[in-house]
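Q: With the sequences and hints as input, model every part of the structure.
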Amino acid sequence: MARNPMQKNARISFLIGVLVTLLITGIIIALLILQLTKITKEQNEEKAKLRNAYVLSQDINSGDEVSEDKLTTMIVSKDTIPSNALTSTELSEMAATFDNDGNLVKKINIIAKIDLKKGTILTSDMIAQDGEIAADIRRVEYNMIVIPSQLQTDKYVDIRLTLPNGQDLIVLSHKKIEIANIDGVDSLNTIWMNLNETEILTISCAIVESYKIEGSKLYATEYIDPGLQAAAIPTYLPDDATINLINKDPNCVAEAKQAIFQRNNDASQKGAVRNPVNSGLNENADQATDNVVSKVEQEIQKTQEERQKYLEALNGTY
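Numbering-wise (the numbering used here), the sequence shown opens with residue 95 and increments by one.
Accuracy of the hints is not assured; some may be wrong.
Said to hold, decoys possible - In silico lysine to aspartate or glutamate, DMTMM-like type, Cα no more than 25 Å apart, as pairs: (1) Lys389 <-> Glu308; (2) Lys270 <-> Asp319; (3) Lys207 <-> Asp277; (4) Lys351 <-> Glu377; (5) Lys389 <-> Glu399.
Since the hints were made in silico from the structure, they are not lab data.
A: Here it is, written out as structure tokens:
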């Protein structure tokens, strides 16, 4: 049976239309795949440019400790941050050392070299290692040191001994202090410092000698920019009895002893330091014991008064 030419042409047109539609659809799909591939590639490239960085969640003053509780993590582009921006892993590696079993060997304080503002991206040149926390470090209280009128907690100071003849000696250097605070009120005379065993024995000797020598005093001087200013070199040398005690004390680490022994073994350096001190001790020999007894009694009284205030604050009666 002969087919209608019109039906045949219609069928051919339909098939051509289907083929054209399939071709156009294929082209569109291919273009979409190419576009999707391009977008995916660009996204992967953008992700490759991203990294985690530490950003300050609060202001940190120069010399203050930089710890993770003062930081927050932010995802940022590598193109917009310094190449030495720190990650959490890098900061952890700076702040601690672990053995092969993952056990903590030592912890190191990380401090700010400069004043840092909230929102700042932390970089390696903004911070420094303040020194490891050794096994012999103790938090010690003192109330006989004259402190500046505007000294605040977390500032860094040198503790100095001035003698009646005008000589001024550095007993301890670059020490972060904490002012005793009871119920929101700072103490007038009590500060805390973290000291190693050698430093504790050294300042104990300086305290006793300041008690014995009328007109002498122990006082603190504040660093202007402790993150950038290097620690001063101590110039005070304790007496021979204390040197011998430091030498025999198993709690004093070798590194802390070395500087004192070096000054003690240098005859000219030792004489320059000890001669004025010994001279002052000799001049006050008659009343030295009475002076020490009186000063120690004052020291104990101050400590007891501070302790009483503290206990009353805990009980809500201060």
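Q: Please go over all the hints and tell whether each is borne out by the structure.
A: The hints, checked one at a time:
Taken as a hint, the lysine 389 and glutamate 308 pair is honoured in the structure, with Cα atoms around 11 Å apart against an allowance of 25 Å. Annotation: proposed proximity of lysine 270 to aspartate 319 holds, straight-line Cα distance about 12 Å (limit 25 Å). Restraint check for lysine 207 and aspartate 277: not satisfied, since their Cα atoms lie roughly 31 Å apart, outside the 25 Å limit. Our distance criterion of 25 Å between C-alpha atoms is broken by lysine 351 and glutamate 377, whose separation comes to about 30 Å.
Taken as a hint, the lysine 389 and glutamate 399 pair is honoured in the structure, with Cα atoms around 15 Å apart against an allowance of 25 Å.
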